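Asks: Using the hints, position chain B against chain A.
Read top to bottom, the protein sequences are chains A and B.
Letter 383 of the first sequence, counting from 1, is numbered 383 in my numbering, and no numbers are missing.
Letter 204 of the second sequence, counting from 1, is numbered 204 in my numbering, and no numbers are missing.
Just so you know, the hints here were simulated from the structure itself, not pulled from any lab data.
Since the structure is predicted, the reported quantities are computational estimates derived from the model, not experimental observations.
All C-beta atoms in this analysis are idealised placements derived from N, C-alpha and C, irrespective of residue type, glycine included.
Hints are supplied without guarantee of correctness; some may be wrong.
[Stated by the list, open to error] Computed spacing ranges between beta-carbons, pair by pair:
(1) Tyr263/B x His289/A: 54 to 60 Å
(2) Gly87/A x Ala249/B: 34 to 40 Å
(3) Arg124/A x Asn39/B: 47 to 53 Å
(4) His14/A x Leu121/B: 46 to 52 Å
(5) Arg84/A x Pro146/B: 53 to 59 Å
(6) Pro146/B x Ser104/A: 31 to 37 Å
(7) Met137/B x Ser104/A: 41 to 47 Å
(8) Ser104/A x Gly55/B: 34 to 40 Å
(9) Arg124/A x Phe50/B: 26 to 32 Å
(10) Leu240/B x Pro101/A: 46 to 52 Å
(11) Ala143/B x Gly87/A: 57 to 63 Å
(12) Pro101/A x Val252/B: 34 to 40 Å
[To be verified] Which stretches of chain B does chain A cover? Using the computed rule of at least three CB atoms under 8 Å from a CB of chain A, they are:
(13) 12-18
(14) 34-44
(15) 97-110
(16) 124-131
(17) 251-265
[Said to hold, decoys possible] The calculated lysine-lysine pairs, modelled on DSS-like cross-linking and capped at a C-alpha distance of 30 Å, are:
(18) Lys48/A x Lys320/A
(19) Lys23/B x Lys134/B
(20) Lys184/A x Lys229/A
(21) Lys296/A x Lys320/A
(22) Lys95/B x Lys145/A
(23) Lys48/A x Lys23/B
(24) Lys184/A x Lys23/B
(25) Lys379/A x Lys229/A
(26) Lys145/A x Lys23/B
(27) Lys48/A x Lys194/A
(28) Lys184/A x Lys373/A
(29) Lys194/A x Lys373/A
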Amino acid sequence: MTAIEAQNLGKWYHRQGIGVPTLLGTLAQWGRRHDTERFWALRGVDFKIERGQTVGVVGPNGSGKSSLLGLVAGTITPSEGTVRATGRISSLLELGAGFHPDLSGRENVFLNAAILGIPRADVRRRFDAIVDFAGLREFIDMPVKHYSSGMYVRLAFAVAVEMDPDILLIDEVLAVGDMAFQMKCLDRIRDFQKRGKTILFVSHALDMVEEFCDEVFLIHDGRLIQRGKPGEVIFSYLRAYMVRLGLLNVEEHGTREVEIRQVRLLDAAGQEAATFFTGQPLIVEVRYHANRPVEKPVFGFNLKTGNGFYVFGSNTQIAKYPIASIAGDGIMRLTIDPLTLMAGRFFLSLSIHSWDHAVQYHRQEDLHPFIVKDASEHKGLFQLNTAWELKPAS
Amino acid sequence: MNPFRAIAPYRDLVANLVGRDLKSRYKGSALGFLWTVLNPLFMAFIYIFFLRLLGGRGMPITMEDIIIGVFAWQFTVQSVNAGLNAFTGNANLVKKVYFPREILPVSIVASALINFLLTVLVQWVLIAFLLWRKGAMLSGWTAALPAVVLYHTLFNLELVLLVSAANVYFRDTSHLVGLFLSAWFFMSPVMYPLSIVDTLSKSWPWLHDLYQLNPLTLIITAYRALQIPGATFPWSTAALVGWLWPLVAGVVIWRVFRRAQRYFSDLL
Numbered sequence: 001m002t003a004i005e006a007q008n009l010g011k012w013y014h015r016q017g018i019g020v021p022t023l024l025g026t027l028a029q030w031g032r033r034h035d036t037e038r039f040w041a042l043r044g045v046d047f048k049i050e051r052g053q054t055v056g057v058v059g060p061n062g063s064g065k066s067s068l069l070g071l072v073a074g075t076i077t078p079s080e081g082t083v084r085a086t087g088r089i090s091s092l093l094e095l096g097a098g099f100h101p102d103l104s105g106r107e108n109v110f111l112n113a114a115i116l117g118i119p120r121a122d123v124r125r126r127f128d129a130i131v132d133f134a135g136l137r138e139f140i141d142m143p144v145k146h147y148s149s150g151m152y153v154r155l156a157f158a159v160a161v162e163m164d165p166d167i168l169l170i171d172e173v174l175a176v177g178d179m180a181f182q183m184k185c186l187d188r189i190r191d192f193q194k195r196g197k198t199i200l201f202v203s204h205a206l207d208m209v210e211e212f213c214d215e216v217f218l219i220h221d222g223r224l225i226q227r228g229k230p231g232e233v234i235f236s237y238l239r240a241y242m243v244r245l246g247l248l249n250v251e252e253h254g255t256r257e258v259e260i261r262q263v264r265l266l267d268a269a270g271q272e273a274a275t276f277f278t279g280q281p282l283i284v285e286v287r288y289h290a291n292r293p294v295e296k297p298v299f300g301f302n303l304k305t306g307n308g309f310y311v312f313g314s315n316t317q318i319a320k321y322p323i324a325s326i327a328g329d330g331i332m333r334l335t336i337d338p339l340t341l342m343a344g345r346f347f348l349s350l351s352i353h354s355w356d357h358a359v360q361y362h363r364q365e366d367l368h369p370f371i372v373k374d375a376s377e378h379k380g381l382f383q384l385n386t387a388w389e390l391k392p393a394s
Numbered sequence: 001m002n003p004f005r006a007i008a009p010y011r012d013l014v015a016n017l018v019g020r021d022l023k024s025r026y027k028g029s030a031l032g033f034l035w036t037v038l039n040p041l042f043m044a045f046i047y048i049f050f051l052r053l054l055g056g057r058g059m060p061i062t063m064e065d066i067i068i069g070v071f072a073w074q075f076t077v078q079s080v081n082a083g084l085n086a087f088t089g090n091a092n093l094v095k096k097v098y099f100p101r102e103i104l105p106v107s108i109v110a111s112a113l114i115n116f117l118l119t120v121l122v123q124w125v126l127i128a129f130l131l132w133r134k135g136a137m138l139s140g141w142t143a144a145l146p147a148v149v150l151y152h153t154l155f156n157l158e159l160v161l162l163v164s165a166a167n168v169y170f171r172d173t174s175h176l177v178g179l180f181l182s183a184w185f186f187m188s189p190v191m192y193p194l195s196i197v198d199t200l201s202k203s204w205p206w207l208h209d210l211y212q213l214n215p216l217t218l219i220i221t222a223y224r225a226l227q228i229p230g231a232t233f234p235w236s237t238a239a240l241v242g243w244l245w246p247l248v249a250g251v252v253i254w255r256v257f258r259r260a261q262r263y264f265s266d267l268l
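The shape of chain A in the complex, shown without the other chains:
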C-alpha cells in the first residue's frame, strides 16, 4: 500500500521578495507589470513510498528537502502537481513549535499534543510515558521559558513520538539533545520501523541515513535527481555535492609555490578506489609541482568524519621524515596500513607548508571523501586490537 505519493510535485516562490506585503504598496503598483522572477524550490518530483518504508532525503542546503517535507506534511500548498499522504502524519519539522513560554511543561505537553491532533484522553494516558521519555519529571511544572534548550527539545520530541503516527516526518532534529537522548530517539525510530510505520527522514548525518533508510532520495536544485539504495546514493552525493557545497570546510588555499596537482586514493592492489576496508591499506598518492625550489617543505594530512570530527592528523615533521628540498614535479606517497578506521565516511585534508608553518603553500581542506567499510560487526570509530581472556576464580 502506498503511504506517500507525489505526482509532478512543484513549488515556486517569488525570487524577489516584496518584503512585507502591504495593501498600500500593492495599490501603488497597481497596473504595473509584475515581473518578479519565479524561483522553483521544488519541481517535477514524482515518487511513491510504500507503507513501512524508511526513506532518507539528502542534498545540499537549499536544495528543496525541507520544502518537500512541508508539502508532505501539508503546511505548504503545492504550486503544481499533487502530493497525497495516507494516514496520520506527525512531523518533527520543528520541535516545540507550539510551545508557550509562560506555560509549564505539563500544560505545554497538552497544548503541543493538541496542535499535533492527539486526543486529550490519549495524552493523559501517556503522560507519564512522555515525561519519563523526556526525563523531566522534576521540571514538569516549571514554565518552559526556564528550560534549557536541550530540555525543551526533549519534551517536544517526547510528545511528537508519543503521537503514534502512521507517517513520521523528521527534519534534522535528531542532531539536538545529548548523546543519551539521541540514543533513546534512535531506539524509538527503530521501534517505529518494526511496527511498519513509514518514515521520511531529512538529514545531513549521512551515516544515520545509511543506517536507517531503505531508500534514499538525492535532491538538488529542487529536482529529485537520484533515488536508490542508501550506499549508492549517499556515495554519489558525497562525491558530487558534499565536497563542493557541504558541511565541511571544503576549501583550497595557499601561495601555490608548491601545488598539489593530483591526488589519488589507492587500495592494496594499487587501484584507485573510493571505498576502503578496515584492516586493509589505504595509500594516498599526491602529485605535486614546485614552481620554485623549496627548502624543508612539510607534507601533512588529516582525517575527519562526515560531521567534522577530527580523527587523526600528522605530517612529515611529526613523523620525523625530513625533506631537504623539492623542485619541479614529484609524487609523495602516504601509506596508511592497516587502516584502523571503522565503517563510515571520512574526509581527507592535505597540505604542503613550510617547516615553520609560516607559509601555507597549498592546502586542500576536507577535499577528498572516502568510505570505509568493515566486514566485522564491531561498532565505533576505530578498530582497536582486542583480546578477551576468561579466568574463572575456581
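Replies: Relative to chain A, chain B alone:
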C-alpha cells in the same frame, strides 16, 4: 468541505488555545478579570458623563443602554484586534505544523466569547441594580439573549476570518482596520440610542434604512430590547436584510478564507 467536520477532531486544540489565551490574559490573578470588566465599565462612565455634560439631562439614553452597548462593542473589537494577529503572530506554528487554519480564528473568537460572557454576568448585576433603583426589573426576554450572543459570535468570527487572512496578505491591514473601527464605533449605537438616527433621518430618509443594514446596530439594539423592559426592537425590511446579509457573507468569507489559507505559509 464541511467547516464543522474539519474542526471537530481539533476540539482539544481549540480548548487548549483558548485556555492558553485566558491564562496569559489573567496571569493567574483575579485582578486580570477585574481589568477586563473595569475597562469597558470605565468607558461607559466616561461616555455617560460627557453625554450628560454636552446634552444635559435630556439626552435620551440611560446608563443601562450605554453599559450594554459598550460591552457588546468590546466583544467585537476584542475579537477583531486579536484576530489581526491570528496568523501573523503564530507564524512559526502555521509554517511548521499542519492543522486546519480556521482553528486559530475560532479559538480567538471563543476566547473573546468567554470573556464576553463573564462580563455579561457583571453587566446583569449592574443593570439589575440600576433598574431596581427605578423600580423595574430585567426583562423576561433576557432568556432569549443566547440567540443574539450566538449570532454576534458568528458575526465576529466572520470578521476575524476576514481580517486575519487579509493581514497575512497585506500587513497594513491593521491600520486600515483601526481606522474602520473608529468610524464604525460612531456608526453604531454604542453610546447613543437609535432614536437619534430617527431624528436625523427626517431630513435623509434613506439614512434610516442604511443604518439598519449595520449588523452591530441590530445586535446592540437587540441586546437592549431583550434586557431593558419597555425597550423595543424596530423591525423593518432594512433590519431584516441587515440580519440576513451577514449569513450570506459568511459563506463567501468562508470560501475566500479556505482559498487564501493555502498560501499562508508562503507569506508568513
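Asks: Taking the hints in turn, state whether each one holds.
Replies: Do the hints match the structure? See the list:
1. Distance hint check: the CB atoms of Tyr263/B and His289/A are about 56 Å apart, consistent with the given range 54 to 60 Å.
2. Distance hint for Gly87/A and Ala249/B: a CB-CB separation of about 37 Å, consistent with the stated range 34 to 40 Å.
3. Between Arg124/A and Asn39/B the CB atoms are about 37 Å apart, so this pair departs from the stated range of 47 to 53 Å.
4. Taken as a hint, the range 46 to 52 Å holds for the pair His14/A and Leu121/B, whose Cβ atoms sit roughly 50 Å apart.
5. A hinted range of 53 to 59 Å for the beta carbons of Arg84/A and Pro146/B is inconsistent with their spacing of about 42 Å.
6. Pro146/B and Ser104/A have their C-beta atoms about 35 Å apart, which keeps the hinted 31 to 37 Å range intact.
7. The given range of 41 to 47 Å is respected by Met137/B and Ser104/A, whose C-beta atoms sit roughly 46 Å from each other.
8. Taking 34 to 40 Å as the suggested C-beta distance range, the pair Ser104/A and Gly55/B does not conform, at roughly 52 Å.
9. For the pair Arg124/A and Phe50/B, the beta carbons lie near 53 Å from each other, so the given range of 26 to 32 Å is not met.
10. Between Leu240/B and Pro101/A, the C-beta spacing of about 49 Å keeps the proposed range 46 to 52 Å intact.
11. At roughly 48 Å, the beta-carbon separation of Ala143/B and Gly87/A lies outside the given 57 to 63 Å, and the hint is violated.
12. Taking the beta carbon of each, Pro101/A and Val252/B are about 38 Å apart, inside 34 to 40 Å as hinted.
13. For the stretch 12-18 of chain B, the proposed coverage by chain A is satisfied: 5 residues have a C-beta within less than 8 Å of a C-beta in that chain, meeting the threshold of three.
14. Interface restraint, the stretch 34-44 of chain B with chain A: violated (0 residues with C-beta to C-beta distance below 8 Å; minimum three).
15. Only residues whose C-beta sits within less than 8 Å of a C-beta in chain A count toward coverage, and the stretch 97-110 of chain B has 3 of them, enough to reach three; the restraint holds.
16. Beta-carbon proximity to chain A at under 8 Å applies to 0 residues in the stretch 124-131 of chain B; the threshold of 3 is not reached and the given coverage is violated.
17. Only residues whose C-beta sits within less than 8 Å of a C-beta in chain A count toward coverage, and the stretch 251-265 of chain B has 3 of them, enough to reach three; the restraint holds.
18. Between the alpha carbons of Lys48/A and Lys320/A the distance comes to roughly 57 Å, so the proposed pair goes past 30 Å and is violated.
19. For the hint pairing Lys23/B with Lys134/B, the CA-to-CA distance comes to about 39 Å; that exceeds 30 Å, so the pair is violated.
20. Proposed proximity of Lys184/A and Lys229/A is supported: the alpha carbons are some 26 Å apart, at most 30 Å.
21. Between the alpha carbons of Lys296/A and Lys320/A the distance comes to roughly 12 Å, so the proposed pair stays at or under 30 Å and holds.
22. Pair hint Lys95/B plus Lys145/A holds up; C-alpha atoms about 22 Å apart against a cutoff of 30 Å.
23. A hinted pair counts as satisfied when its Cα atoms are at most 30 Å apart, and Lys48/A with Lys23/B does not qualify at roughly 45 Å.
24. Of the supplied pair hints, the one linking Lys184/A and Lys23/B is violated, its CA atoms being roughly 34 Å apart against a limit of 30 Å.
25. Distance restraint check for Lys379/A and Lys229/A: the Cα-Cα separation of roughly 22 Å lies within the 30 Å cut-off, and the hinted pair is therefore satisfied.
26. With a C-alpha separation of about 16 Å, the suggested pair Lys145/A and Lys23/B falls inside the 30 Å cut-off, and the hint holds.
27. Simply put, Lys48/A and Lys194/A have alpha-carbon atoms about 20 Å apart, close enough for the 30 Å limit, and the pair holds.
28. The suggested pairing of Lys184/A with Lys373/A holds, with an alpha-carbon distance near 26 Å, which does not exceed 30 Å.
29. Annotation: proposed proximity of Lys194/A to Lys373/A holds, straight-line Cα distance about 26 Å (limit 30 Å).
When held up to the earlier numbered hints, the structure conflicts with 3, 5, 8, 9, 11, 14, 16, 18, 19, 23, 24 and fits the remainder.
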